[in-house]
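Student: Read off the chains here:
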Amino acid sequence: MTTVPPVPAAARLRPADLAGLASIGLRTRRLRAALSALGIALGVAAIVAVLGLAASSQAALLNEIQALGTNLLTVGNGQTFGGATAELPPAAPGMIARLPGVTAVQDTGAVGGINVYKSPLVPPVETNGLSVDAATLGLPAVAGTSVAQGGYLNAATARAPAAVLGATAARLLGFDRIRPGTRIWLSGGSFGGQWFYLSGILRPDTYAPELDAAVLVGFPAAQRYLGFDGHPSQVYVRTASDPAVTARVDGLLAAQANPENPGQVTVSQPSAALTAQADAKGALDTLFLGLGAVALLVGAIGVANIMVISVLERRQEIGLRRALGATRGQVRGQFLAEAVLLSLAGGACGVAAGATATAAYARAHGEAVVIPPDAWGGGLAAAVVIGALAGLLPAIRAARLSPTRALWSI
Amino acid sequence: MRQDPEPCTALLRARGLVKEYKSGGGSVEAVRGVDLEVGAGEFVAIMGPSGSGKSTLLHVLGGLEPATRGEIWLRGKRADGLSPSAWAVLRRRHVGFVFQFFNLLSTMTVADNVELPALLAGATPKQARKRREELLAELGITAKADAPPSRLSGGEQQRVALARALANEPSLLLADEPTGNLDSANTNDVLRLLRRAHAGGQTILMVTHDAKVAGLADRVVNLFDGMIADDARVVPAQRLKGQRRETAIGNFLELSG
Ligand SMILES: Nc1ncnc2c1ncn2[C@@H]1O[C@H](COP(=O)(O)OP(=O)(O)OP(=O)(O)O)[C@@H](O)[C@H]1O
Ligand SMILES: [Mg+2]
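Going down the list, the sequences are from chains A and B.
Take the first sequence: its position 140, counted from the start at 1, is 649 in the numbering used here, and no numbers get skipped.
Take the second sequence: its position 3, counted from the start at 1, is 4 in the numbering used here, and no numbers get skipped.
Treat the hints with care, as some may be off.
Rough simulated footprint, nothing fancy, chain A against chain B, three-plus residues with beta-carbon under 8 Å [unchecked claim]:
# : region
1 : 62-69
2 : 77-91
3 : 111-122
Beta-carbon label-pair distances, calculated as ranges [unchecked claim]:
#  : chain 1 : residue 1 : chain 2 : residue 2 : range
4  : B       : Gly82     : A       : Arg536    : 52 to 62 Å
5  : A       : Ala861    : B       : Gly82     : 48 to 58 Å
6  : B       : Asp231    : A       : Arg536    : 46 to 56 Å
7  : B       : Gly26     : A       : Leu796    : 52 to 62 Å
8  : B       : Ser51     : A       : Leu821    : 25 to 35 Å
9  : B       : Ser28     : A       : Asp883    : 57 to 67 Å
10 : B       : Glu134    : A       : Arg536    : 23 to 33 Å
11 : A       : Leu540    : B       : Gln128    : 35 to 45 Å
12 : A       : Arg906    : B       : Asp231    : 41 to 51 Å
13 : B       : Ser51     : A       : Glu822    : 27 to 37 Å
14 : B       : Thr108    : A       : Arg906    : 14 to 24 Å
15 : B       : Glu134    : A       : Leu821    : 28 to 38 Å
16 : A       : Leu540    : B       : Ala230    : 51 to 61 Å
Far from chain A, some chain B residues (derived; all Cβ distances over 10 Å) [as the list claims (entries may be wrong)]:
#  : residue
17 : Arg33
18 : Glu38
19 : Ala144
20 : Gly155
21 : Asn187
22 : Leu217
Worth flagging that the hints you see were computed from the coordinates, not collected in a lab.
For every residue, glycine included, the Cβ atom is placed at its ideal position computed from N, Cα and C.
Sequences are here, hints too, so could you generate the full structure?
Tutor: Rendered as structure tokens:
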């Protein structure tokens with residue numbers, strides 16, 4: 510019936526305007542805003558740190574595995590049906606070396622009944638639990654370690670009374686460097702005893718921890734001085750670095766090492782066990798995650814609280830905005846944006862704090878710092894969701910206020 | 002200019018307007034059947050004793066409170082059935098409010114206060130800033146643009162509120178005792194500005210207690226107990242429209258010069 514120019518549609522506040530409007534409420538009440546965002550910050554920081562620490566130590570282990578290679582297989586003594594130790598045949602290393610895909614084979618043989626002492630004066634019961642093994646000349650590189658001090662056995666020292674200490678063995682015996690003429694006393698059982706000169710000390714071996722507590726001597730020397738029977742007890746096998754080749758060789762090793770009793774051989778892949786361990790490190794510390802969640806909840810209550818107060822304090826402003834033409838939706842949006850902004854600010858501080866804690870811890874442990882995107886992304890997302898939830902009710906209340914009621918209540 | 006079944010040139014028309022407040026068990030009828038027409042360009046003063054329903058009438062006419070009964074026509078269109086948000090959108094362009102206690106946002110600068118309506122109406126920040134600069138210059142408060150409202154005198158604050166109300170060039174300016182809280186010097190300042198806006202063609206509906214202030218209007222409506230007791234023109238209705246326009250232009254030229 511009338512021709513009146515249409516009223517403009519409800520103009521939406523642009524996100525930038527909304528953020529500007531929302532930040533006014535926060536900027537004018539800094540201390541209170543900071544305190545209520547603290548809970549969110551703590552919660553997010555705890556979660557980011559838990560995820561970051563797990564990821565960093567996992568990455569460190571995976572890096573180590575990467576560096577050591579995943580193509581090491583070990584073949585060891587098994588058990589007979591009777592439960593006794595089944596020794597590998599002396600020919601096993603040679604047989605294994607003939608398998609296609611195998612690139613290196615080294616082995617050790619346990620020399621039973623021999624104990625290691627710093628000198629003959631040490632009481633015989635203080636054996637330190639060290640084992641004496643005969644070892645081949647290329648063992649360290651294949652088994653995933655290297656020489657830390659001195660030198661490894663060579664063709665000459667393998668025939669002489671000379672020994673190389675694993676990392677733990679050196680520590681337990683009290684050696685941290687090799688001086689000319691340093692020697693250890695090997696004795697046991699019917700065998701009277703023999704000085705062995707120290708040739709070197711190995712680094713800790715992640716793949717073959719059994720070598721850490723071992724005193725290694727040459728095969729000829731073991732037979733000559735210690736009455737060793739020459740049976741290998743552990744064979745270290747490297748394959749081509751194609752995982753498929755490693756898997757194929759893995760399947761063939763038992764039969765190749767002991768064709769008569771393949772069931773009496775233990776074959777393992779050290780990297781597989783370590784990878785499982787790395788996965789376990791990547792698993793989360795549920796206690797700390799729980800604490801983080803509680804802090805987030807407290808933070809959410811804090812944000813909701815400050816928003817309720819903010820709505821009460823700003824009733825006049827709300828009424829005025831409505832009088833000037835702000836729709837209920839815009840008022841709701843303004844307070845919701847304020848809650849989200851507050852919570853997001855807390856979340857950002859939390860991510861920064863969590864990342865700093867992770868970095869400090871990882872540096873102290875010589876690990877690379879890894880903050881997974883899930884951690885900081887999730888932390889910020891959680892902050893936004895919490896802000897929205899905490900701000901929802903106060904925002905709805907603000908929008909419901911009658912403009913005049915809001916204007917005149919001072 | 003409008004083809005209405007009953008031709009109507011009024012910018013604002015109220016028919017049988019009733020506003021009932023429900024409080025606790027009982028209810029108060031603050032406005033009890035008001036019929037009112039305000040033509041485009043008119044300056045109407047509403048007077049009446051305290052509690053007679055002046056503020057309530059203004060709020061209902063501007064959509065801040067819903068009417069209980071009766072019709073409101075704004076610019077030839079029914080407005081009484083609009084939702085709160087539709088009223089808000091209507092106010093952006095067509096209704097400006099000025100209040101007794103200025104109601105400036107204390108957390109924003111003077112400039113931001115004046116820009117707010119334009120931004121709410123969807124203007125770009127650039128347009129809003131331009132309009133704000135014009136208005137503050139017109140009302141002589143450019144120097145205080147970046148100050149918080151609390152640093153301004155009452156008269157200055159009311160001038161800012163007036164600038165804000167006029168920011169979107171509303172069809173109708175509703176002023177509730179705009180000088181009620183000002184001393185006489187500041188009252189004169191604000192009245193001068195209202196008169197100038199009126200001279201520029203602005204339609205004004207102003208509540209006041211002060212007969213001298215009401216004397217500036219074209220028309221004085223007396224409200225008593227929620228009903229119109231008296232509605233009289235102060236000056237001859239035959240004011241020349243064309244002449245007024247020229248005066249308005251002259252005034253603005255004078256100002257900008
Ligand atoms: N929100 C409300 N709820 C209940 N009653 C109200 C409300 N607002 C106003 N009233 C009542 O309505 C009547 C009119 O009030 P109103 O504020 O419109 O008067 P007024 O003419 O503006 O008075 P004054 O000159 O003092 O400003 C009064 O009796 C008042 O108590
Ligand atoms: Mg009043």
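Student: So, for every hint listed, does it hold in this structure?
Tutor: How the hints compare with the structure:
Remark: the region 62-69 of chain B is confirmed as covered by chain A, as 3 of its residues place a Cβ nearer than 8 Å to a Cβ of that chain, reaching the required three. Beta-carbon proximity to chain A at under 8 Å applies to 8 residues in the region 77-91 of chain B; the threshold of 3 is reached and the given coverage holds. Interface restraint, the region 111-122 of chain B with chain A: holds (5 residues with C-beta to C-beta distance below 8 Å; minimum three). A hinted range of 52 to 62 Å for the beta carbons of Gly82(B) and Arg536(A) is inconsistent with their spacing of about 40 Å.
Separation of Ala861(A) from Gly82(B) is about 53 Å and conforms to the stated range, judged on CB atoms against 48 to 58 Å. Evaluation of the 46 to 56 Å hint for Asp231(B) and Arg536(A) yields a pass: the beta carbon distance comes to about 51 Å. In this structure, Gly26(B) and Leu796(A) meet the distance hint of 52 to 62 Å, their C-beta atoms being roughly 57 Å apart. Checked against the given bound of 25 to 35 Å, the beta carbons of Ser51(B) and Leu821(A), roughly 28 Å apart, stay inside it.
Restraint check, Ser28(B) to Asp883(A): a C-beta distance of roughly 59 Å satisfies the suggested window 57 to 67 Å. Here the CB-CB span from Glu134(B) to Arg536(A) is close to 24 Å, well matched to the stated 23 to 33 Å. The given range of 35 to 45 Å is respected by Leu540(A) and Gln128(B), whose C-beta atoms sit roughly 36 Å from each other. Take Arg906(A) and Asp231(B): their Cβ atoms lie about 42 Å apart, and the range 41 to 51 Å holds.
Against the hinted window of 27 to 37 Å, the Cβ-Cβ separation of Ser51(B) and Glu822(A) comes to about 29 Å, which satisfies the hint. Checked against the hint of 14 to 24 Å, the pair Thr108(B) and Arg906(A) passes, with Cβ atoms roughly 20 Å apart. Checked against the hint of 28 to 38 Å, the pair Glu134(B) and Leu821(A) passes, with Cβ atoms roughly 35 Å apart. Checked against the hint of 51 to 61 Å, the pair Leu540(A) and Ala230(B) passes, with Cβ atoms roughly 54 Å apart.
With a least CB separation of 18 Å from chain A, Arg33(B) remains clear of the 10 Å interface cut-off, as annotated. Glu38(B), annotated as away from the interface, keeps every beta carbon of chain A farther than 10 Å; the closest lies near 16 Å. Separation of Ala144(B) from chain A is adequate, the least Cβ-Cβ distance of about 23 Å exceeding the 10 Å criterion. Here Gly155(B) stays apart from chain A, with its beta-carbon at least about 16 Å from theirs, past the 10 Å limit.
The Cβ of Asn187(B) sits about 21 Å from the closest Cβ of chain A, beyond the 10 Å cut-off, so the non-interface label holds. For Leu217(B), the non-interface assignment is confirmed: its Cβ lies about 24 Å from the closest Cβ of chain A, beyond the 10 Å cut-off.
Violated hint: 4 only; the structure is consistent with all others.
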